[in-house]
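What follows is each chain in one-letter form.
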Amino acid sequence: MTGEQPLLRLEGVSKRFTKHLDAAEKLVNLVGGRRREEVVHAVDDVSLDVREGEVVGLVGESGCGKSTLGRVVAGVHQPSDGKVIWRGKNVAGLSGAARRDALLKIQMIFQDPMSSLNPRMRVADIIGEAPRVHGLVPAAEIPAYVDEMLQRVGLDPAYKTRYPHQFSGGQRQRIGIARALAVKPDFLVCDESIAALDVSIQAQVLNLFMDLRTDLGLTYLFISHDLGVVEHLSDRVVIMYLGRVVESAPTEALFSGPNHPYARALLDEVPRIDRRKREFQPVKGEIPSPLSPPSGCHFHPRCPHATARCREEVPRLREIAPGWTSACHLNDAGA
Amino acid sequence: MSQTPPVLQVEDLRTHFFTRAGVARAVDGVSFSLGRGEVMGLVGESGSGKTVTGFSLLGLVDPPGRIVGGSIRLGGEELIGRSERDWQALRGTRIAMIFQDPMMTLNPVLRIDTQMIEAIRAHAPVSEADARERARAALARVGIPSPDERLAAYPHQFSGGMRQRVAIAIALLNEPDVIVADEPTTALDVTIQAQILYEVRKLCAETGMAMIWITHDLAVVGGLADKVAVMYAGRIVEEGPVDAVLDGPLHPYTHGLVGSVPSQNRRGQKLTQIPGMAPSLLSLPPGCSFAPRCARADGACTAMPDLVAAGGDRAMRCHHPHQPPGETAVRATGEVAGETGRARA
Amino acid sequence: MTTPNTQPGATPPGGAALAAAMPAVPPVESPLRRFLTDFSASWLALLAALMLAVIILIALFAPWISPQDPYDLAVVSIFDARLPPGSTSMEGTTFWLGTDGAGRDLLSAIFYGLRISLSVGVMSGILAIIVGMSVGLAAAYAGGRTETLIMRVVDLQLSLPAVLIALILLAILGKGVDKIIIALVIAQWAYYARTVRASALVERRREYVEAAACLGLGHARIVFRHILPNCVAPLIVVGTVQTAHAIALEATLSFLGVGLPLTEPSLGLLISNGFEYMLSGKYWIAVFPGVALLLTIVSINIVGDQLRDVLNPRLQK
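Residue numbers (the numbering used here), protein chains in the order written: chain E, 1 to 335; chain L, 336 to 680; chain F, 681 to 997.
The set of hints was computed from the structure by calculation and includes no laboratory data. Among the clues, some could well be false.
[What the hints assert, rightly or not] DSS-like cross-link-like pairs, simulated, lysine-lysine; straight-line CA separation at most 25 Å:
no., chain 1, residue 1, chain 2, residue 2
1, E, K105, E, K89
2, E, K184, E, K83
3, E, K184, L, K605
4, L, K537, E, K284
5, E, K19, E, K89
6, E, K89, E, K184
Start from the sequences, fold in the hints, and give me the full structure.
The following block contains the structure:
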């Protein structure tokens, strides 16, 4: 690894969601009920560096915490523990203009192109509101600025007086991208940003992301369950399972030989056009509920190689090759 | 596939929706046939008519939609024009459906055993004990662990993947000839989808049930189906054996779809993309509906091309199809994707 | 509506191929037009809306369209009292709906009564919406203990019959237009608070609110510019139905004699006045104001029902 400062660094970030008891449930407890507060460890002690200009793919299944992690990075959620460090500064320690600037530099592209745009606002307001409110662009230049943003994402500026429902899914996603670009970000968090689009539109939006990367020098955290897309786009891939990172590796290395048994299962089981009807035994069992994750290694109940140690001890992420870490006890066997 | 007569034969099926804004020809002249134990992938984007085709096969089209013509033959029997009572008798016994949302099939306030036993006894005079035994067997067959305990559970006690398995088990109960599955794994996670695809493939091979798997995902079809039909704007534009179609798509739309899958492209390079977006069914362009997005389109495309045979059980609907790949070119793109070459500044 | 088809002159690199690739969006009917077509899909609703429009116009222009000013003592003559519908006055004017116990033209009295009933209903509705909306938004956005506290108060309020609350309040406050409006607002704000909170809770979880937070927009802006406009549709529906309730409630209170003072004769007061003549066969004095009240409330409710169907996003195709 180079000594340069990462653009974004996560240090031991955790995010817990607690469902507090309401008055009725407390009452039930008074008369002998057993209601307890439910705590979900959506993200559990995640550390991650993202260098400037890098595309990091974040992969995992439902309940793995990838969306929550993305929202912590984008400042929508505050971490319960740990630090989000932007250009060397802890975001939580910033205040006023410095905090706002750090917030604006990281923008998010959402999954659902319908619910991520305010249905009661015109496209021009959706895109122009934040730059106007923050004074990023002089008020008189806002209309021209909105036009520029629309053109950048491949939309005709003549559409800017319309409402979101008058656009197709792909176009709405472009409007969401224009809204994010309008505050001049350095870093985009894409949370399943193409999952809701039609197949032929997905390629268009992916190409737009790649164009923006070259044109604007953007850095991406690309969250997806689609390994094919992540492989195509990312320099590095991080795989999460039930709130924890299980493996992080350069894309080529990971796709040529994943180390963690879960990563292996995931790579094997994604249907791909170029590998059809291979005989394989799918990994057994369900994804456990994040409300009561298994002890030790979260993956042990489904893992074909699990040992007694996996049930008891949480495996740490350890470097198994330069820039390649994996959290599996099996790696200790040979060491 | 074989010389035995097809179990399901659909000819020139047309289902239109009569809306205030005009007539939407959601399904406009769809024909295909399905043999015993065969799995057909019906692929298309939203609005292509794939789901409406599936619903039409079960007589489940609600107003303002209506089947306006064509023929659906199940084991030689014509289904179009039947009364609602006949359809009800057919559904669940000879043709069944699996929905994207399993709660379409499951009643949230009834136990699984109640629902399954009721589904069996509604169609066949069996004792309660026999019905329970059949329900148990069906759950076991779709890979549900400890089916006896699970029979006594309510739908909300199952995970999404398990619920979908239960819905599949219910569809299987009366051993239908054909199952229509409408994106049943789209909402599920990768490892769970893999499990279900694995079970379904095994089931069709074992029982000889035919299946129509409706999806937008070519990769799923590639791993599951024997043959594939690709729909665009209410019509089948290409059909044929899965390997042949995915390795050498003839229609420019299929070609574009296969080409835009990331694994078919060089890593980090721009993806080949289909420009534009699917047309509204209310204002289709004259002639070939794909022409406005097609690089190969010319004056000839203002006339609707017919679905013509293209050799090797294949058919396509295009005036200017791509050439089937030669012996040497097969899978060339797939190998490129495996390379680790990077071109980045 | 026309579809702009112009291609941008200068496209930045990267956007060029895509801009050319994006076809024009097909023309879409405007939201207002769609609303109007959907609304008039039911002839009953259309009829009710028409009726309501006529009622509102009558209320607005009552002083100009009434045959006489029923509260000008110089015009009203006690000798014309209790005349049946269609009779002629001493001066030769016709009382189409008859006269009441004081000799007023009933038609004119109803016109003036509508004016008072509607304005009390609408005024209290608007005030209750403002109060309820603020409280509901505050509860939804604050969450936690604040929300629990507010919503328990709302629950308490909703568990008591509105008539009872209004009666108690009026017993304390006394008579008067302002007093009855206060009573009606207090009896009704909770409905609006509950409605706004419910839809604000849904809207709050939408991704566009997260996007606004991501864009560094302030809390006030998010609440009032982003969340509130999306909660308006259910508010309109509840507002329509609640206005009808407010009118009925005011009529009830006035009928019971605790509502408006005699100087502000609403429909309820007219019915109350005519009630004593019912048994003597002079039905018109109570029945015609009653019919006017009934038509008003029924048409508002039908319009409200149709609004609910049209504005319900779940039913939208």
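Sort out whether K284 (chain E) lies within 25 Å of K537 (chain L), counting only the CA atoms. 16 Å, holds
Could you grab the alpha-carbon distance between K184 (chain E) and K605 (chain L) and see if it respects the 25 Å cut-off? 24 Å, holds
Could you grab the alpha-carbon distance between K105 (chain E) and K89 (chain E) and see if it respects the 25 Å cut-off? 13 Å, holds
Within 25 Å, alpha carbon to alpha carbon, are K184 (chain E) and K83 (chain E)? Holds. K184 (chain E) to K83 (chain E) sits at ~24 Å (cutoff 25 Å).
Next pair to validate is K19 (chain E) with K89 (chain E); report whether the Cα-Cα distance is within 25 Å. 31 Å, violated
Keeping to a limit of 25 Å between CA atoms, is the pair of K89 (chain E) and K184 (chain E) held or broken? With Cα atoms ~19 Å apart, K89 (chain E) and K184 (chain E) stay inside 25 Å; holds.
In this structure, the one hint that does not hold is number 5.
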